[in-house]
Amino acid sequence: MSAAAATAGGDVMLRLDDVSAGYAGFQALFNVSLEVRPGESVAVIGPNGAGKTTLLRTISKLIGVTSGDILMEGRSLKDVPAHEVIALGIAQVPEGRRLFARLTVEENLKMGAFLPAARPRHAERLRFVYSLFPRLQERQSQIAGTLSGGEQQMCAIGRALMSGPKLLLLDEPSAGLAPVIVQSIFELVKRICAEGYTVLIVEQNIRQVLKVADRAYLLETGRIKSSGASAELLASDEIRKAYLGI
Amino acid sequence: MQIFDVFLLESVLNGLLLGGLLALLSLGLNLVFGVIDVIWICYAELIMIGMYAIYYFYVVFGWPLPLAMAAGVALVAAAGVVLHQFVIRPVLSAEPINQLLVTGGVLFFLQAAATLAFGIEFKNIGVSFPPIVVGEISFSMPRLIAFGVALAGMLAMYLFLTRTYMGTAIRAISQDRAIMPLMGVNPDRIFIITSALGGGLAGLASCLLVLQYDIHPAIGLSFGPITFLICVLGGLGNMVGGFIAAFIFAQFISVGGFFLAVEWGYVIAFLFFIAVMFWRPQGIWGGK
Amino acid sequence: MTRALPWIGLAALAVAPLIGIGNYPLHMLIQVLLWGFVYTGWSIMGRLGMVSFGHGAFLGIGAYVVVMGWNHYGLTPWIGLPLALTLTAVVAFLIGYPCFRFKIVGHYFALVTLALSEVARLLIVAMRDQTGGSLGVTPKTALTESTYSLVALQFSNKLVWFYIVLAVWLAGLWVWKKVDRSMGRLALEAISQEEDAAASIGINVTRLKLGVTLISALMTCVGGVLYAQYQAYVNPDTVSGIGISLQMVFGVIAGGMYVRLGPTVGAAFTLLLAEGLRLMFGNSLHALDSTIYGLMLVLFIIYMPKGILGGTMEALQRRKSAPAGNAQGV
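Protein chains in written order, with my numbering: chain A, 6 to 251; chain B, 3 to 290; chain C, 81 to 410.
No lab work stands behind these hints: they were computed from the structure.
Here are the computed lysine to any residue pairs in the SDA-like style, where the Cα-Cα straight-line distance is at most 20 Å:
{"id": "1", "chain 1": "C", "residue 1": "K183", "chain 2": "B", "residue 2": "I276"}
{"id": "2", "chain 1": "C", "residue 1": "K183", "chain 2": "B", "residue 2": "A277"}
{"id": "3", "chain 1": "C", "residue 1": "K183", "chain 2": "B", "residue 2": "I286"}
{"id": "4", "chain 1": "A", "residue 1": "K246", "chain 2": "A", "residue 2": "T226"}
{"id": "5", "chain 1": "A", "residue 1": "K83", "chain 2": "B", "residue 2": "N188"}
{"id": "6", "chain 1": "C", "residue 1": "K183", "chain 2": "B", "residue 2": "Q284"}
{"id": "7", "chain 1": "A", "residue 1": "K216", "chain 2": "A", "residue 2": "P52"}
{"id": "8", "chain 1": "C", "residue 1": "K183", "chain 2": "B", "residue 2": "R282"}
{"id": "9", "chain 1": "A", "residue 1": "K216", "chain 2": "A", "residue 2": "F191"}
{"id": "10", "chain 1": "C", "residue 1": "K183", "chain 2": "B", "residue 2": "V278"}
{"id": "11", "chain 1": "A", "residue 1": "K230", "chain 2": "A", "residue 2": "N36"}
{"id": "12", "chain 1": "C", "residue 1": "K257", "chain 2": "C", "residue 2": "R83"}
{"id": "13", "chain 1": "C", "residue 1": "K258", "chain 2": "C", "residue 2": "W87"}
{"id": "14", "chain 1": "C", "residue 1": "K183", "chain 2": "B", "residue 2": "P98"}
Can you make the complete structure from the sequences, with help from the hints?
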């Protein structure tokens, strides 16, 4: 680790350095650089197909990096296999919830604590998750596939929290949910941020997410087009014209 | 009339005992299929190898029987892992037919290799028990033991799958394999553990069968097809369905064999299977 | 020139026994053609995604119906054959119809057909008074006074059998080609990939699948009849059950399922392998050929899923880099 990275690493939790990534024969991310500091909530916004989900999958090493590097607390993820990323403190709530439909709520949460380091604190973290989401506790023995959309999202977020992550990745938490539910989900995200979690959210619902996040990056066709504080972006002409229909 | 009823009762009860054993057999197969989505066509042959192993450990090497059996279970569990790593893994992404064929090839290979190595004379570990007589009904001790052990094994499996992290992961992976790494689960490792469990269950079956039957390279053919059918009947991959189907099937075999000759019991059971396939091809409790 | 090659080969094949190649090689040749025919019959279903592990049942029906008919009722195989074919058709329909209608494919289909072949085997064994059970049965000979009997369909001269089997084998290849070329073929391939899509453009999926199944089953039945008459001995394990059913599938896979001559190559390969090993190691290690066979099959599936012929042809095609479609399929 270079001296420059060592000094910079103290301030930054997650850093993407000029990252390019993609699928077989199809590049989705081009020279993406971004950083997330401890305690921040950062959003990545952009249109459909911009590569937002790809970005999160790349951070979780579900997709390989073709060039550039990802550093978590100064440590490179280059040779880290996908199933060891969570041990570094990165937990993802995937797009579409992706709960284990035939397992109960409790069992889904249990899977979140699969990490050996997380198991001793299973009971404690379960209590925390239930305090955030009382509805989940009511339905703890219910089969996850029978939950409503909003409840599933809560369960998915809870599952990610069970590992006691440092960085929480949220992939389009509002997707497919009714507007009223979307509101409550973002309230919850706000609360999670207030608890001190560092959060990176990828979202299409720009208005809502910019109310919750401190900063945001604009991703278009795999490239970072601009970035800045949420208030700035909300006020910028670029965003207002292209995405908020103003 | 009284005696007739008693013998019928006896065959029903023996059918129950047989059911327990068949349920254990189907458990391993359903587990592997449910998790890895592959049918080990050579499953019965793995059991056969286990039986030979126990024979050699106990009769030829002179180990105490419990040790021989434990070693047999371990051996077949290891065989399951080897099977997965070297035979199944290369074809996991190929068409399902290739997976069926490759394990079919292993069936052939194991049968032939066993013939080569052990010859075709029937072997027996020579352990005999007196029958247990209750009233006018007599039960074979090995069958009772097999039933008890089978139930215990299934209970242990149930507890493992529902209470432990690994067990939950095994149940989860068949529902969404792609996101397993997000929770720190390495799918390859799950498959290896599942293969070891499947092999271990086969090894357990070896222990139970070796108490009751002679060993021969081709004995896999006498309970292999039945095991598949039971699994399909109960819904492939459905462990509970397989459990119940095993008992139903065993009743057909036992009671059918009681009224007609032994083979007819099997024929009737098979025809029952085909009839069910007409009515509910995905198995009585099958999903999808 | 390459177009004439198959015809030259065929002519050579037809004439070879007359020139004199010895009784034993002739026997091998007959076996290769006979099993090549049976395997070709199986592959008509297999290449369209309907992988059956139950063709042993049809083989067994063919073999046992004619032999039982002759032994117990003095029924000439010429009548036994249509009887066997009818029974085969009924069974094929009884299994095929619900399977196709309920879209039973893949694992399930393989296992259901496996059950079928086992039922056949068990039935044969159970009816041991009529069938001789596991010990097998021999058709009563009609050759005590002459070297041939048309009525009994028995010939002691292998040459006669050779030409019969050759003709049947060629007929099998012709059927394969017809199924391949017919309008239905495109539909069937569509079906094996995308059933619902095919159905949506009005193709009666069930009827087509049944048709192919029937053809395949009937061919296998004929193979069973010929086998019984030629070998003059059958037992339940060689003509029914999971063993022979698996062997059929393997033979086709080894030779190549998607190529017309593939199954025959597979038959040649497996038979010659077995014989070669038997000659090398003698009957004392009579399971050695099966052991090596099993091992090779596993290796084949993993490394050469298109089979010997299929894989070779693919390699040749790639090297040719042929412009317009010269690939007619052999």
